[in-house]
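Peer 1: I would like the entire structure built from these sequences, with the hints used as guidance.
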Amino acid sequence: MAPGTGKTVALFATCINDTMFPGTPIAVVKVLERLGCKVVFPKDQTCCGQMLTNTGYFKETVPIVKNYVKAFGDYDYIVGPSGSCIGAVRHQHPMLAERAGDQGLKAASEEVVKKTYDFTEFLVDVLGVTDVGAYFPHRVTYHPTCHSVRVAHVGDRPYQLLKAVRGIDIAELPDADQCCGFGGTFSVKNPDMSVAMGSDKARNVKSTGAEYIVTGDNACLMHITGIMHRMKAGVKPIHLAEILAHTEGDAA
Amino acid sequence: MTVTESRPRLTPAPPSGTYLGMPAFPKAVKAALDNQQLRKNLHHATSVIRAKRATRASEVRNWEELRVAGEEIKNRVGRHLDQYLVQAEKAMTDAGITVHWARDAEEANRIVIDLVKSKNTPEVVKIKSMVTQEIDLNEALEEAGVAAWETDLAELIVQLGHDRPSHILVPAIHRNRSEVREIFLEEMKQWGTPAPEGISDNPPELAGAARTHLREKFLRSKVAVSGGNFIVAETGSLVIVESEGNGRMCLTLPETLISVVGIEKIVPTFEDLEVFLRLLPRSSTGERMNPYTSIWTGVTPGDGPQDLHVVLVDNGRSNVLKDPVGREALRCIRCSACMNVCPVYERAGGHSYGSVYPGPIGAILTPQLRGMASAVDKSLPFASSLCGACNEVCPVKIPIADILVHMRNKAVEKKREHHPTVESLIFKVVAWIFAKGRNLAFIQRFSKLAGKLFKKRSHFGPLPWPASGWSNARDLPVPPKQTFRDWWQEREEASK
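Order-wise, the sequence lines are chains A and B.
Under this note's numbering, the first residue of the first sequence is numbered 1, with each subsequent residue one higher.
Under this note's numbering, the first residue of the second sequence is numbered 1, with each subsequent residue one higher.
No lab work stands behind these hints: they were computed from the structure.
The beta carbon of each residue, even a glycine, is placed where N, CA and C say it ideally should be.
Worth double-checking, as some hints may not be accurate.
Unchecked claim - Cβ-to-Cβ under 7 Å is the rule here; a few derived chain A residues that face chain B: (1) L52; (2) A107; (3) K189.
Peer 2: Okay, structure coming up:
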């Protein structure tokens, strides 16, 4: 399908990707356009607000919920490359509106939530593809981030997508279902515990012999590879979307 | 009241200090994280029990339906607790049980002490019970001149080891067999039948020593104290599930049985009980069925204890019930699946939580029961990465991660009740940044500037405060010179 002839997708880049890891939303744009979608980037967008919500600042998050509704309310498909941020929008935004006593916002938020997808869900469920034409001739291991699995419920969609990538060598990650210890502000409020959990994750990643550690969440990835970079472990972080964007035309 | 120095103790002394005097969780875990023996014991024990639970849950075809049933029954109990408690009291009284009501720990302890004193006995045997730990009954009895002997093997190890429980199901999970051997050799002789000389650290030998040590106490004691897993409101029946048979000994041999039970332990009918008898053993020990289930409905003449008492304890539970979000924690049936699966508990151990209820359930229950005044209680809602593994295994579907977040909100609002905190001011700024796309774009000027200034490096190494919390052990990537927002803008302009 030619670019721009399919579905119109509003890209929710997420604040951390927009600011720190622009390569990830760029990869999402590339994949979606390759699959024929028209991608738009609503410039009002900011963040899902979970850093505030999960630290206990409910009141402060309400304007962020409002802003999300304002930025994305008009679109049929809102897609973001983060199980955690998508999970927070779905699971927490209506609750925050309700706590604030704003029934109008709650109703509006519930509508937007229904149209909000994790990147992997949109590919597999809405577009119905698992083979997105990617090529990635490297050994990788995938860490299923907690919120992608337990809040956004992406299931095995990331694996389906990874398995269809040509040339890829997927190493199974031991204790994959164990949290990496990032946990948002947990990483700085409980730094010793966070690092203890992260060092076990890093050890498991290293044991696979993978060149790349892959996740669908760059925040968890920043934590895991923050530890691994300090250890000079020689394992590179990469977001799933960036693997899916990679084709034989790109330099390996 | 404190034990006078002159009188020797009747039972091994617990460690000095109180739970409430313990440091905040982030500080308390430092020692635990450095304790390689503890880390190894906990990793091994929780991994084994975690795998067993997963197997046993997966073989029940309608496991998810059972969980929903457990959730709904307990919710019904919470909604009509007043009626069910009165119904249970009447049924128990009709069956010959004397029912007592205790508003708090002090009242509950006083009732038990008075009952034991009226029997003119210097000691009681105990069945493992969380609520008696919660009210610190053993120490109250000690102060009143009564020796309370724990008869559950792991509780015995904890008691003889001058220690505190670190898990609600396997309270000595932090100990290994060689430590247990040392404790038995050193302590048993001081408090009763000694451990055999030359005993090895082979578990059957250790269990044999405990059996012999406890036997004389079982045969001698006139009073037993128990908790209760369930009270069936329609019949007034009490239910205790256990693995070792020590409970059955306590429930049958002594003349008097005093059961201390939290008011949330009610189930309406026997039909409801069936759901929990299937959920509990699989979730807790990873067994299809626990070895001993004792159910008693009042006094049976000539068989078992002839004087039965039940002390119904509130101790903060009514307050928890007032909070529509927090009260879901009262569904807890004390199975311990949440702590067995928790990566934080696995590394912190139970003692770091400063409460008899450690792990995820403790992190939401303790600050609700005790309030959030002490350093440790304030820190408990934050003692989680919110990974949500606990939510998935909870047999009564307590949304633990959501309640943690709710408790964090309560903690934050309480802290800034009178004046803003530094953290609350920081989050005001964060909220402003994320309130509008153009605010975020403005702030990104600074991240891009950092990207330009440090363009020669890929990461920052250790940084001074306030970045030290992150960067002491983790490198931080240098921000990019161009944000996604800018890239998009540039692309749009190029395509015009």
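Peer 1: Can we keep the L52(A) interface hint, with Cβ of chain B closer than 7 Å?
Peer 2: holds, 6 Å
Peer 1: Taking the least C-beta to C-beta distance, is A107(A) closer than 7 Å to chain B?
Peer 2: violated, 20 Å
Peer 1: Can K189(A) be said to touch chain B, with a Cβ gap under 7 Å?
Peer 2: holds, 5 Å
Hint 2 from the list above is the single one not met by this structure.
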